[in-house]
Amino acid sequence: MVGLRRLIAGSAGTLLVGLFAGFVLASAVGVFIQDSGLFGASGESPIARAYMLGLLQRDPNSIVGIRPNQSIAQRAAELQNADSSRTTASIQPLSLTYIGGASVGIYSVHIYAVGLRTAQGVDQFFPLALTVYGGKVQRSE
Amino acid sequence: MNETKAVATLALFAVGILGGVVAHTFLDRGPAENPYPALPKVDEPRAAHDVVAAVGSDDAQALSRMLDSTMLTDLDTALQPIVDVRTTKFVGAVESEGRLLSAYVVTGKTTEGIDFVVGFVLRVSNDQVVGVN
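Quick mapping for you: the protein sequence lines, in order, are chains G and F. With this note's numbering as the guide, the letters of the first sequence map in order to residues 1183 to 1323. With this note's numbering as the guide, the letters of the second sequence map in order to residues 60 to 192.
In short, the hints are calculated from the structure, not lab data. Incorrect hints may have been included.
Residues from chain F that face chain G, not an exhaustive set, calculated with beta carbons under 7 Å [as the list claims (entries may be wrong)]:
(1) 75
(2) 85
(3) 90
(4) 93
(5) 98
(6) 153
(7) 162
(8) 171
(9) 172
(10) 176
(11) 189
(12) 192
Even glycine gets a Cβ: it sits at the ideal position worked out from N, Cα and C.
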């Protein structure tokens, strides 16, 4: 009975270690493929894309978890701005293009081109470079 | 008996690895769908290439002839916190109605000697660099 229990525990442990190793391996290979652009991968980070979509859709709540922590007053002001811009339909996104990016260690940079039409009907075309690390967009300029 | 046990352990480990890879495939969904149109990429503009070549070769003399003081200040801001540029890489360029954005990634060291990466974009119009972001 004890032998069987040890066998099951040992087998489960081996399986768990294998699962963990496989997950980490797949993750590392995925990052390498994304960064190198192999197999048609763009290298675009899901975090950077989610941040850009939240920005263009003026939805601060959707990006709260992927950017640096802000004070409650900053978050409230941002929600206010988002509400007013949504109701007045002040800007209309025209295009969102991922230009490219690269990684060094834990830091990665992702550059986008954004096309917008303002409330006055003026088309704007500008870039945005996002620095991502620790699972968050730490810098946007 | 020992050989059988070793083979069984290895097989179990291999099954675990396979399971981990499968689990990763399901959990890592990649970037969300882009609901907006994306612009086609274009070749690197010559003027932007020359500016970045000067940055990469640490040629302040050449850079001073290519960019005005406002753009030099903007470039300095864009490169922060890197003070020692090691590599420059063109990552892509896009164009919209004659306005061209040429994007670069620069790696280098900060004043504390930490490896860092920054991205910046040169605005090009009429074959001239007209802005730095």
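Verification of the hints:
1. Below 7 Å, beta-carbon pairs count as interface contacts, and residue 75 of chain F has one with chain G at about 2 Å; its hint therefore holds.
2. Because the smallest distance between the Cβ of residue 85 of chain F and any Cβ of chain G comes to about 11 Å, over 7 Å, the interface hint for this residue is violated.
3. The restraint placing residue 90 of chain F at the interface with chain G holds, with a minimum CB-CB distance near 4 Å, inside the 7 Å limit.
4. The closest approach between the C-beta of residue 93 of chain F and any C-beta of chain G is roughly 6 Å, which is under the 7 Å cut-off, so the hint is satisfied.
5. Against a cut-off of 7 Å between C-beta atoms, the interface hint on residue 98 of chain F holds, since the closest Cβ of chain G lies about 5 Å away.
6. The interface hint given for residue 153 of chain F is met, as the beta carbon of that residue sits about 5 Å from the closest beta carbon of chain G, less than 7 Å.
7. A least Cβ separation of about 4 Å between residue 162 of chain F and chain G falls short of the 7 Å threshold, and the interface hint therefore holds.
8. Taking 7 Å as the C-beta cut-off, the interface hint given for residue 171 of chain F is violated, the closest approach to chain G being about 14 Å.
9. Interface restraint check: residue 172 of chain F against chain G, minimum CB-CB distance 13 Å, threshold 7 Å, status violated.
10. The restraint placing residue 176 of chain F at the interface with chain G holds, with a minimum CB-CB distance near 4 Å, inside the 7 Å limit.
11. Using the Cβ-Cβ criterion of 7 Å, the hint placing residue 189 of chain F at the interface with chain G is not satisfied: the shortest such distance is roughly 13 Å.
12. Annotation: interface hint on residue 192 of chain F holds; nearest CB of chain G at approximately 5 Å, less than 7 Å.
In terms of the numbered hints stated before, the structure departs from hints 2, 8, 9 and 11, listed from lowest to highest.
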